[in-house]
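Participant: One letter stands for each residue in the lines below.
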Amino acid sequence: MSLQQVQEQGRSGSFISDLQRILRENIREYAMYIALFVIMVVFAILTKGVFISSRNLSNLLNQTGYIAVLAVGMTLVIVIRHIDLSVGFLAGFLGAVAAIALSSWGLPTLIVIPMVLILGILAGLITAFPVAKLGIPSFVASLAGWLIFRGALQVVTAGTGTIIISDDSFNAIGNAFIPDIPNIGILNEVHKLTLLLGVAAIAWFVYSEIQNRKTKISYQFEVLPFEIFVLKLVFISVVVGAITWILANYNGLSWTVVIMLLVVAVYHFVSTKTVLGRHIYAVGGNPEAAELSGINVKRIVFIVFGSMGMLSALSGILYASRLQSATTTAGTLFELDAIAAAYVGGVSAAGGVGKVTGSIIGALVMTSLTSGMNLMSVDIAYQYIVRGAVLAAAVIFDVYTRRSS
Amino acid sequence: MQTPILEMQAITKEFPGVKALKDVSFKVARGEIHCLVGENGAGKSTLMKVLSGVYPFGSYSGDIVFDGEVQRFRSIRDSERAGIAIIYQELALIPDLTVYENIFLGNEIAQRGLINWNETIKQAKQMLDMVRLSVNPEAKVRDLGVGKQQLVEIAKALSRNVKLLILDEPTAALNEDDSENLLDLLRGLREQGVTCIMISHKLKEVISIADSVTVLRDGQTICTLDAHKGEVNEQVLIKHMVGRELDNIYPKRESQGFGDIILQVRDWNAYSPALGRQVLHNINFHVRRGEIVGFAGLMGSGRTELALSIFGNPSGYKLSGELRLNDIPQHFQQPEDAIRAGIAYVSEDRKGNGLVLIQDIKQNITLANLQAISRHQIVDDNAEIRIANEYRQSINIKTPSIEQRVSKLSGGNQQKVCLAKWLFVAPDILILDEPTRGIDVGAKFEIYSLMNRLVSQGMSIIMISSELPEVLGMSDRIYIVSSGRITGELPIEEATQEKIMYLATL
Chain Y
13 MSLQQVQEQG RSGSFISDLQ RILRENIREY AMYIALFVIM VVFAILTKGV FISSRNLSNL
73 LNQTGYIAVL AVGMTLVIVI RHIDLSVGFL AGFLGAVAAI ALSSWGLPTL IVIPMVLILG
133 ILAGLITAFP VAKLGIPSFV ASLAGWLIFR GALQVVTAGT GTIIISDDSF NAIGNAFIPD
193 IPNIGILNEV HKLTLLLGVA AIAWFVYSEI QNRKTKISYQ FEVLPFEIFV LKLVFISVVV
253 GAITWILANY NGLSWTVVIM LLVVAVYHFV STKTVLGRHI YAVGGNPEAA ELSGINVKRI
313 VFIVFGSMGM LSALSGILYA SRLQSATTTA GTLFELDAIA AAYVGGVSAA GGVGKVTGSI
373 IGALVMTSLT SGMNLMSVDI AYQYIVRGAV LAAAVIFDVY TRRSS
Chain A
2 MQTPILEMQA ITKEFPGVKA LKDVSFKVAR GEIHCLVGEN GAGKSTLMKV LSGVYPFGSY
62 SGDIVFDGEV QRFRSIRDSE RAGIAIIYQE LALIPDLTVY ENIFLGNEIA QRGLINWNET
122 IKQAKQMLDM VRLSVNPEAK VRDLGVGKQQ LVEIAKALSR NVKLLILDEP TAALNEDDSE
182 NLLDLLRGLR EQGVTCIMIS HKLKEVISIA DSVTVLRDGQ TICTLDAHKG EVNEQVLIKH
242 MVGRELDNIY PKRESQGFGD IILQVRDWNA YSPALGRQVL HNINFHVRRG EIVGFAGLMG
302 SGRTELALSI FGNPSGYKLS GELRLNDIPQ HFQQPEDAIR AGIAYVSEDR KGNGLVLIQD
362 IKQNITLANL QAISRHQIVD DNAEIRIANE YRQSINIKTP SIEQRVSKLS GGNQQKVCLA
422 KWLFVAPDIL ILDEPTRGID VGAKFEIYSL MNRLVSQGMS IIMISSELPE VLGMSDRIYI
482 VSSGRITGEL PIEEATQEKI MYLATL
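Residue numbers (my numbering), protein chains in the order written: chain Y, 13 to 417; chain A, 2 to 507.
Hints in this document: simulated from the structure, not taken from any laboratory.
Note that the Cβ used here is the ideal one computed from N, Cα and C, for glycine as well.
Relax, there's no trap hidden among the hints.
Straight-line Cα separation of at most 16 Å, EDC-like style, residue types lysine to aspartate or glutamate; simulated pairs:
#, chain 1, residue 1, chain 2, residue 2
1, Y, 244, Y, 30
2, Y, 228, A, 382
3, A, 28, A, 64
4, Y, 310, A, 338
5, Y, 310, A, 337
6, A, 409, A, 361
7, Y, 285, A, 381
8, A, 203, A, 178
9, Y, 228, A, 404
10, A, 28, A, 212
11, Y, 285, A, 385
12, Y, 228, A, 385
13, Y, 285, A, 382
Just some of the chain Y residues that point at chain A, by a computed CB distance under 7 Å:
#, residue
14, 285
15, 287
16, 290
17, 294
18, 297
19, 298
20, 300
21, 301
22, 303
23, 304
24, 305
25, 306
26, 308
27, 364
Okay, the calculated beta carbon distance ranges per label pair:
#, chain 1, residue 1, chain 2, residue 2, range
28, Y, 310, A, 320, 16 to 22 Å
29, A, 57, Y, 404, 32 to 38 Å
30, Y, 404, A, 412, 36 to 42 Å
31, Y, 231, A, 320, 41 to 47 Å
32, Y, 230, A, 55, 48 to 54 Å
33, Y, 166, A, 55, 55 to 61 Å
34, A, 177, Y, 348, 52 to 58 Å
35, A, 141, Y, 156, 26 to 32 Å
Same shape as in the complex, but just chain Y (with noise of 0.2 Å):
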């Protein structure tokens, strides 16, 4: 966009027609947003407010943890164009594995949780072996270890069923929240350190997207009109605010929430601003040309698969702790939930596209449809047939988008 066109387009026409047009264009990037507001603007007049309430969002974003942290490393295995089937009950028997450490064997809880993301790891190398090495389909390789994995939690806990968990350090990963900051005479009945960190968050962005409107306009690059940045950034620093305002109500932020936002930065940095992140893309976006840029595809591969082994280790851990136990069946399904938010967030099969925090978005939205319907007593059977249909609408509106583009 040359500064002829962009001043072109600052004159190009009222406010009402500048927001159509950039809605319309960017449709694809705001559609999952756009998605989650609205179900939780329909659930929270279905359940008269109940969906919202302090105590029923901060449950939900706990709910959302294991699975977003899953999500987060999926993207990524299906930006590359693989997929791992593993990771559920790998999450499953790291979780199982961690309880028996801490329980059987007594080892503290920080010596417990760095031993459990390295084995997950090692468990993602080992999926990634036949894939990189041996050009095995990663559907099939990861098949195998869903089926290894589960047979490993069933082994682990077949002598006692259900691990119980004592360690309270452990068990507040899932289960606690963050301390506050001693009274100061005002705003006594909230959690005020919550309330701090959300105002430093929303300076923050504000400050970030003002840096980078200016960067981009010093190299005359497109930026959006003026009317709408603003829009924009009042949008998100309401939405932030009034979500941290909710929490602050509650307990304030749980270690779930901490650890998920914590994750959600480090992968979205990596992927968007290191050499790494970088190539992860171009491999997804074509193997070959990034193979012959001097890309090593294969520890592409590895990489990848690694860092999903120790995403699973970790959705384990947030799992095990909520729970505060292990048990035989825990995973389940875990692998397919994460798929689907990760398609739901915007992340192509066929390689190459798909943000880390579209993944989140779309975890938050599958929990928040089994949240909202819980809420409504509706049939478990009749909230699966929901879900999938959610899941085919967001990507037929996907590749519809994406062939009129």
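Once you have looked at the hints, place chain A on chain Y.
Facilitator: Chain A in isolation, oriented as in the chain Y frame:
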């Protein structure tokens, strides 16, 4: 003389921006073997696609008269029904089905939807006898050699009572025995009254088998020669094939002499496990600093395979021989190694393996050298924008923004993005594979000028090209490649289109 079996009159076929066929007339007599020759891009394949209905009636202008009737083929099915069968270079057999299943695929012997397998096998045997192929019809096609697979294709065509058989470079992938066998078979079919059109680049074959030969050049019929009147010989064919005037579109460069030998390849052999055959035989060549070395030859002659085998061997050939860079032996395991050692390869297939089409210009330009704009593995977005803008200006990439997706650029601009990507790597040796294929004259000139600028700065260029004028206009020295061998080396002073074409069709 009998009425011809086929008469194509005033055929014109246009693609966006290109006239592939201009007023082409083509006549084939009943019962003859008619060869169609011409350079790559002369329009042979396009003409055959018009004839077989791949380009349906209405997408071209002109008339097709076949077997005494004006034909309007809307699809390949229509032309098959009329009795025309076309056999492409890439065989259209299904490897995991048996020979007899393949022969009758799409033409099954069946009653009420149930296939009569016994009858199928019996008839398949007859067809195989006709093409003199003694294999078990129950064998899987995968287990046959390429030569035998070709015969199965012909058997498949014969099973449909073909009147006109078209073969597109049938011997390109065959060894000499199989080729001779195939030519014998075609002579045999001629006895039985089957008319045959054969596209071939191997002029010796053409001379040995053709009753008449039509030469195409730049989408036009140049002449039709009658072999029985002694009109066909190699010199005449080559003259007609290359007879184009050399246009003066090649910018001059001041030659300041060349430096030392930078790349030396000796006794280089490559075997492709995937294809199951040797793709390169005993290749020897060298490149000096500041030199443009042309690699001429026809498509499929092994030039791209040679380039890739040097560039880190991404296709996984089994290699033997010696590769020396600045007199140091090298064993590249992957393209990454070759790039580090100072070699860059600009692919002939921009869209297939040159560019990441869904990404934008700046991301494509920096892809092969992200480390140069990164600190601690974090990409500096501003540096990337600066670099991309520099190349956009210096090699004139015409685009509204470097944030434009490369899939939206024209061929010439896409090629410039490819070049920019490799220039940013700053290699010592730049391999350009068909650098100007499918791009317009203006962009061609810019790319030639850029090549001259690069060699004057001391870079060496290996240019692979099927366009003879380009090879002659740009190279300092020329190697000619044919069937995976180097069949000749010509200094630019001695090179002519005729000599190159002679060596390329050996």
